[in-house]
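**Student:** Read off the chains here:
Number of protein chains: 4
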Amino acid sequence: MSIAPLETPARRAFYDKIDKSSMTALWTVLGALITPEPKSACVPHLWRFADIRAAMIEAGSLITAKEAERRVLILENPGLRGRSSITTSLYAGVQLILPGEVAPAHKHAQSALRFVLEGSGAHTAVNGERTRMEVGDFVITPSDAWHDHGNETDAPMFWLDGLDIPLIQFLDVSFIEHHGDDAQALTRPEGDSLARFGANMLPVDQTSGSLTSPIFNYPYARSREALDQMRRARQWDPCHGLKMRYVNPQTGDHAMPTIGAFLQLLPKGFVSSRYRSTDATVFTPVEGRGRSTIGDTVVEWGPKDIFVVPSWKPVVHEASEDAVLFSFSDRPVQEKLGVLREDRGNA
Amino acid sequence: MSIAPLETPARRAFYDKIDKSSMTALWTVLGALITPEPKSACVPHLWRFADIRAAMIEAGSLITAKEAERRVLILENPGLRGRSSITTSLYAGVQLILPGEVAPAHKHAQSALRFVLEGSGAHTAVNGERTRMEVGDFVITPSDAWHDHGNETDAPMFWLDGLDIPLIQFLDVSFIEHHGDDAQALTRPEGDSLARFGANMLPVDQTSGSLTSPIFNYPYARSREALDQMRRARQWDPCHGLKMRYVNPQTGDHAMPTIGAFLQLLPKGFVSSRYRSTDATVFTPVEGRGRSTIGDTVVEWGPKDIFVVPSWKPVVHEASEDAVLFSFSDRPVQEKLGVLREDRGNA
Amino acid sequence: MSIAPLETPARRAFYDKIDKSSMTALWTVLGALITPEPKSACVPHLWRFADIRAAMIEAGSLITAKEAERRVLILENPGLRGRSSITTSLYAGVQLILPGEVAPAHKHAQSALRFVLEGSGAHTAVNGERTRMEVGDFVITPSDAWHDHGNETDAPMFWLDGLDIPLIQFLDVSFIEHHGDDAQALTRPEGDSLARFGANMLPVDQTSGSLTSPIFNYPYARSREALDQMRRARQWDPCHGLKMRYVNPQTGDHAMPTIGAFLQLLPKGFVSSRYRSTDATVFTPVEGRGRSTIGDTVVEWGPKDIFVVPSWKPVVHEASEDAVLFSFSDRPVQEKLGVLREDRGNA
Amino acid sequence: MSIAPLETPARRAFYDKIDKSSMTALWTVLGALITPEPKSACVPHLWRFADIRAAMIEAGSLITAKEAERRVLILENPGLRGRSSITTSLYAGVQLILPGEVAPAHKHAQSALRFVLEGSGAHTAVNGERTRMEVGDFVITPSDAWHDHGNETDAPMFWLDGLDIPLIQFLDVSFIEHHGDDAQALTRPEGDSLARFGANMLPVDQTSGSLTSPIFNYPYARSREALDQMRRARQWDPCHGLKMRYVNPQTGDHAMPTIGAFLQLLPKGFVSSRYRSTDATVFTPVEGRGRSTIGDTVVEWGPKDIFVVPSWKPVVHEASEDAVLFSFSDRPVQEKLGVLREDRGNA
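Chains as they are written, first to last, in full-length UniProt numbering: chain A, 1 to 347; chain B, 1 to 347; chain C, 1 to 347; chain D, 1 to 347.
Hints were generated in silico from the structure; no laboratory data involved. Heads up, some of the hints might be wrong.
A pair counts as met if it fits within one copy or between any two copies, since identical chains are not told apart.
As the list claims (entries may be wrong) - With a straight-line cut-off of 27 Å between C-alpha atoms, the simulated DSSO-like cross-links for lysine-lysine are:
#1 LYS17 <-> LYS66
#2 LYS268 <-> LYS243
#3 LYS268 <-> LYS20
#4 LYS20 <-> LYS66
#5 LYS268 <-> LYS66
#6 LYS39 <-> LYS20
#7 LYS39 <-> LYS17
#8 LYS66 <-> LYS39
#9 LYS66 <-> LYS243
#10 LYS17 <-> LYS268
#11 LYS39 <-> LYS268
Next up, chain A with everything else stripped away, as it sits in the complex (with noise of 0.2 Å):
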């Protein structure tokens, strides 16, 4: 363990005469610099739907999805406060898009999860192609593509937005462009997509330089259905359950560069093996109920609740019903720099 030298008179006046030249001592912030473990100001955090809704009605009635350009409220980490994140990489808010509403089409270098929380049929437009979304239906609008949403049903539809907003920000590679109209134009029908790339086929010529998924609708439907053929299997992980990560058919890959994102299933009475990983992880539940010790805090979690993880904290999760949980993070991030570490069941 590094203890920051003494300081003696001399050498506050020579920091102080570096000062002026841009310069600092580095032996005087070693120790802040480089941790013996992750150190961040991120907390465990539970936020409960019930009160995220109630505040999102509330904005409903205040603005528009056209003024705010998307009505979203943010989760900020209780640690992390004023800055936009709820990781120190990432950004969560949940998005609210009234009946007869348009969050008008624009692109941008962020990288963007939806998960959707609540409602049916509200739609995502992405490079020429719409989907309409369903509760735990796992969308993805890519990095630099048009895309817009809108909501023709007669019922509100909230969803989980999940974006490198942080990340772009600190690599300084921001860009956002506004389309102009509110609506991108359609060249391909709904569906085409994740027929064309869903079904573990690929058109025989396709070559992408992208490298985010082509499918940007994982139905929920269909992920549900697979989890409970690979339950019979009775291959429980000690530590995650059943868990599953979102790919890009092209490379088997993570479904976007910055953003891992997964689906768990915890039988009943589960409870998992003490896990810590440097990614932090935001969870949702999509069904049953259960909690989450997380390093000393304990969150009581049911549908729609979104909770956070940060970077090394250790976590066991029980399960007092069948449950389902999507979670991100900046996994992909990590495991190409090659900087991921986990540590299980002896954390």
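Given chain A's structure and the hints, the job is docking chains B, C and D onto it.
**Tutor:** Showing chains B, C and D alone in chain A's frame:
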């Protein structure tokens, strides 16, 4: 074009002398070794399923699947007789399993695909999992994986076998082991692989050393539905109509390392542009009728017929009905080695 | 361009209320979060080596390398003071080791590069091998690899340190361990890594899980000679002159997963085309003099000076003598995440 | 082990009948098609360079390089006579260029390696660059690249040619074009490729579609020096001594997509452990003497001799002097297709 140098008596004497030392003068054979264009003995040919079926039924009365180990009639390219090859690098045959029969468990370095032609419900088991097969299903038995077949239905089952036998023989890497039991033990429920790897998700900690897809049955029902969905986009490739390749979801590469498999829709009335490629290809229509002009050869095809297009022979397909064609070739090998060539339209 | 919606009393009240629940209205911060172009506080700046050197010599009299653990003066971007960063994602500092000193062995998740500015023969040890360093050598200490430095010569040794400290801090994946001994045990002869991995051959059974190059010293003598050889081809890139990136011979990728390092020759009189990219870059000339116009800032540079070009700021380089520039940036990160943008000439 | 089923008259009649329809019963040939172990006709054999040289000198008086296009004597495996093959998949020959001669420019799909046996200073030109060749240099002429050879020295030049001719023939993808001129135009200075790609740096914007190394001459002086440096670590592989593979610096993969090339040091007195692999390998010693036991065959070798080890035949090497062996095989093909097998020590 290189012309072989004149043979003089002195040269002839020299050739004879060095022959004793296991040496040959390159210039006497160069023209035959390195040809300006692909120039094998492989010829276009079509086998009618009706003929194959009749022969197989007769075979069924002459030998059991068990005595034969595999009751298969090899489709030998007329230009390559005696080499058990349908193209220079690939093998094709039609296999029959009668009600109550088994094809005992074995494993070999050779990779195999099965494409079901007739029958419903006979099974193949691979790596401890059984799959029931239907017409049009694309089934894989990977290199060095235990596999056995059985028919517990009351009707005969016919499928097309495609293997890399000539390639493995050429590379001199053949291995086979016999299991001893007719059927391997089943350790996973039916459908587990498709659910686990086929729903555009992968197990979170999945890492595989295999180059072969972990999905071993790509059901026709699903593939066909995808084609129907895609055709609504009305994007036809002039040479291929709507052609998809089966992929390994872990990599996006071909489903098998040595054999590429494809499913292709040709709408009624479609006439393809002339196309040629260096990967000699075996076709079998699943639905519909039409004809293909292969160089100077015309073949009229219908469901379950099997025909071969040699390397670099220009082909034009015409569909008189909506047609779905399955095909396979050594394309993955040619791609991995960087030798694949295609010529679109201007052949 | 998005304009923040008007703040009404009702909205203000709402913002205050949701603030208590760790929520923030996206539309109040969207413009700042997702900017039309990169927009960090990072500014162009140049540090004169003469100034750095004088400060370091003074530091040498104030603290030992051992007490400091590393005697380094951090070059803090004037726009990012207090963040120990030269760009938003990278750290740079200058390290001094006096004759007879050691910088004790430790290892950390952070990856480090060293680029030697002054001195000859001091050493760095990595993974049991020692390398003696000369001016212009590019030296790597990989993530999580034991490393220590020492100077057994009779002159001070100065080098530029480039690390991914801010990135590792941002991703919340910092780990450090102290070895206990000043120097790790040496298990391989000096020069072994360069011979084993640097001669365009690799050990026949070599397989490495590391994303970092197994070569840890790229000698300047060799790199410089290669540039001299290449310049004879007279192929100059209008934006870069003759610019090379250091590579990991096992993959052809960048030598380090988080930091790209480059060596570049600008012939006397060369004036580059305007160029901008999203990877903010730190430059240090090894030979020659010239100036660079970075946005509206002009910096005059000579050997060992250090200057920074922020993300998306157009730069023009002019060489008044044959010049060789070393540079580094987070390009590998941006490439792996698919967010790198470049703009050549028409900036 | 599969025993061919009994041939009954009825079966015989059936075989004759289906033969007319280009069909064969698998069970009559299965045992020969899928063998328990590799079982080609390829045999161990050694050619003495003295014998080859004498024959080549005679060939030199019988035909010019230009008339022959390439004056090469093919080394035909005694077990594969008439197939122009040294192993089932590869071709080897020895080429002679006399002073003042040229081997005119052509290009073909086949990839070629040259390993220089005798002479100094004759040249090969590839892609507009010329390289002068010395004994032990490993030179590549990539698939579909113009290449020509010439000898402007006053002594004959001999080298070993290794090509994938049988493989390209088997895959039916042969193409050749003749340039028309004896020598292609030179567009790059000699040594440019080695400097540009061989110094562990790559051009910053380099992207290549080729699977073949952009370095086309790996000088022996450099490779040999690396081996000398490495041997100081005293890490000997029991099967291989110190064995390196030539790599493509852009990928870290083999230098050629179809042929793996290796350079190996066996210290005086070294006796290797028994080793076998499925890639039949051609060896040629550059320095030193020794003997190799290949199955039941013993070959005594010295500089420039050429010998072949068939697939899966166990081999033991013994070096009576410090020895350096060059070798090549189809290992990249077997690795890419996932069929390579090795057996170390317990053969």
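**Student:** Take the hints in turn and mark each one as holding or not.
**Tutor:** Going through the hints against the structure:
For the homomeric pair LYS17 and LYS66, the shortest alpha-carbon distance between copies (23 Å) is at most 27 Å, but the shortest distance inside one copy (53 Å) is not. For the identical chains of this complex, LYS268 and LYS243 are intra-copy neighbours only, at 15 Å inside a copy versus 44 Å across copies, given an alpha-carbon limit of 27 Å. Taking the closest pair of Cα atoms, LYS268 and LYS20 never come within 27 Å of each other, the shortest separation being 62 Å inside a single copy and 34 Å across copies. Taking the shortest alpha-carbon separations for LYS20 and LYS66, only the inter-copy value of 26 Å comes in at or below 27 Å, while the best intra-copy value is 48 Å.
In this assembly of identical chains, LYS268 and LYS66 lie within 27 Å of each other by CA distance neither inside one copy nor across copies; the values are 43 Å within and 46 Å between. Proximity of LYS39 and LYS20 under a CA criterion of 27 Å is satisfied inter-copy only: 25 Å between copies versus 30 Å inside one chain copy. When the C-alpha separation of LYS39 and LYS17 is checked against a cutoff of 27 Å, the pair qualifies neither within a copy, at 31 Å, nor between copies, at 30 Å. Within a single copy, LYS66 and LYS39 get their C-alpha atoms only as close as 39 Å, which misses the 27 Å cut-off; across copies the closest is 25 Å, which meets it.
For the identical chains of this complex, LYS66 and LYS243 are neighbours neither inside a copy (37 Å) nor across copies (41 Å), given an alpha-carbon limit of 27 Å. Proximity of LYS17 and LYS268 under a CA criterion of 27 Å is satisfied in neither setting, with 64 Å inside one chain copy and 37 Å between copies. Taking the shortest Cα distances, LYS39 and LYS268 never come within 27 Å of each other, neither inside one copy (34 Å) nor across copies (49 Å).
Hints 3, 5, 7, 9, 10 and 11 from the earlier list are contradicted by this structure; the remaining hints agree with it.
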